[in-house]
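> Chain residues, written in single-letter form:
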Amino acid sequence: MISEKEILKILAEVKDPEVPVLSVIDLGIIRSAKITDGKINIIITPTYSGCPAMDVISMDIRLKLIEKGYRNVSIQQQLSPAWTTDWMTEEGKQKLKAYGIAPPNPKQQLCKEEMFMEEAVQCPRCKSHRTKLISQFASTACKSMYSCLDCQEPFDYFKCH
Amino acid sequence: MFESNKKSSNISTPTGPKDSGLFRREQGAFLYTLHLGDNALILGQRNSEWCGRGPVLEQDIAITNISLDLLGQARNFYQYAATIYNNFNNEEKKAVDKYIPRLWKEYKRELQEDDLAFLRDEHQYLNLLITELPKGDWAQTILRQFFTSAFQIYQFAALQKGSNVQLAAIAEKTIKETTYHLRWSAEWVIRLGDGTEESSKRLKEALVAIWMYTGEMFVVTDYEQIDVNAIKEEWMNKIEAVFAEAMLELPKQTWMQSGGKEGKHTEHLGYLLAEMQNLQRTYPNSTW
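One line per chain: the protein sequences are S and Z, in this order. Under numbering that gives the first Met the number 0, read the first sequence as residues 0 to 160, first letter to last. Under numbering that gives the first Met the number 0, read the second sequence as residues 0 to 287, first letter to last.
In case anyone wonders, no lab produced these hints; they're calculated from the structure.
Heads up, incomplete: computed chain S residues facing chain Z, CB under 8 Å, no partners named:
hint, residue
1, Tyr47
2, Cys50
3, Leu78
4, Ser79
5, Met114
6, Phe115
7, Ile133
8, Ser134
9, Gln135
10, Ala137
11, Ala140
12, Met144
13, His160
All of these numbers come straight from a predicted model, not from anything done at the bench. Where a beta carbon is used, it is the ideal one built from N, C-alpha and C, also for glycine.
Please take these sequences and the hints and turn them into a complete structure.
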C-alpha cells in the first residue's frame, strides 16, 4: 500500500486553480494524509471561507489520486486551527514571487484591525520596497493590490492571513 | 418558542437519553446558527448589488470580495445548521418546524445548506434588520458594513471562547476575514466623514437613516448563545473611536427598531429574497 510520503508527493502535483504555480502542499492546506484499512483519508483546511477554489481543489485531489490508481479516498475539511499564510512553504513563496505576486509577509501586527497601516511589501519585479497600497482587496479576496513607485508597475500582494 | 436555556447552559452533556435541558439547548444552537448564517447571507447579497456599480474599480472589487467572504461564512453556518437538524429526533424537529422550508419537505431527502438559503420564506429568516436595508449610496453601504463588522468581531471572539466546538471553529476562521472587513470599512467611514463637504453630508444622512437599526444587535433572544450585553460596550467604544476621527457625532436618538431576530422583517427583505431565490424556486434542485 502507498505510504503517506508518497501521497504527499502525488498531492504536490495538484495545483491551486487560481494561482496555478502553487501546489496544495505549497499552500499549506493539507493537514494530514493517512491510510487506514486501505482507504486514503485526507484532511484539508480551507483558505478563505468564500474561496471558490476550495471545492475545485477537493475535486482535483480526488481526480489526481484516481489517475494514479487510488479510488478509495475520503477528503474532509477541517476549520480549526484556521489556515494562516504562515503555513505556506518557503518554496511556495519563492514560486509566487517568480510568478509576479508578492508573497505574504510573516503574520504580524498588520493583520489586526489597526487602520491606515501600510506593510513594507517588496515589488516582485524590481525588488524595490518603495511601494504603495492601492486596494486591500484585489483580483481575489486573498490578495491586495499594490503599485511600485520605482518601476511603476502595479502588482498583487498575497496578504498575510 | 421555547424557554430560556440559561439555567441549563452549564450542565454537562448527559450520556443517557436526551433530557429537556439539552433539548432546548440544541434548538437554541440550531436557531442561533441560522441567525448567523442569515446575517452573512443577506448582507453578502446586498453588497453584491454593487458588482459593476462601485464608485471606482478597486472599491467595486473590494465590496464584492467582502460579499464573497460573507457568502462563504453563510455556507459554513448553514452546513452546520443542516447537520444539527438532520441529527434531531422527531420531537426536536417538530419544535423548530416553523423555520423549516415547506418546499424541502417534498424532496424526501436530508436538509442541505441550499434549502436553508433558497427555500425559506421571509418570516423564517432571523437576520438583523440592518443587513436587509437597501444598499443606499456608498456612504450608507460603508456605514452599515462598519456597524456590522464591528459587531461581528466581538460576536465571533465570544463564540471562539464558547462551549459549542463547531461554532467556535467557524468563528476562528471567520474572524480573520472580518478583521479585514472592519479595517476597510472603518477607514472608509473616516475618509468620507473627514473628506469633502459632500461626502460628509452623505455620511451624516446615512447615519440618520440606519442608526436606529443598530440596537437590535444587543437585543437578547431565547436562542442567544453569547452574552450580547457584554460586547455592547466594546462595540460602542469602537464606534466612538472611529467617529471621533471621522468628525461624526453619535446620534442623540435612542429609540431602536428590532424584530429581525424573531422573523419580523422590513418590507425590503421580500424583494431581496424574490431575486435571490427565483432560480431554485422555479427549477427546484437545479445545479450548475
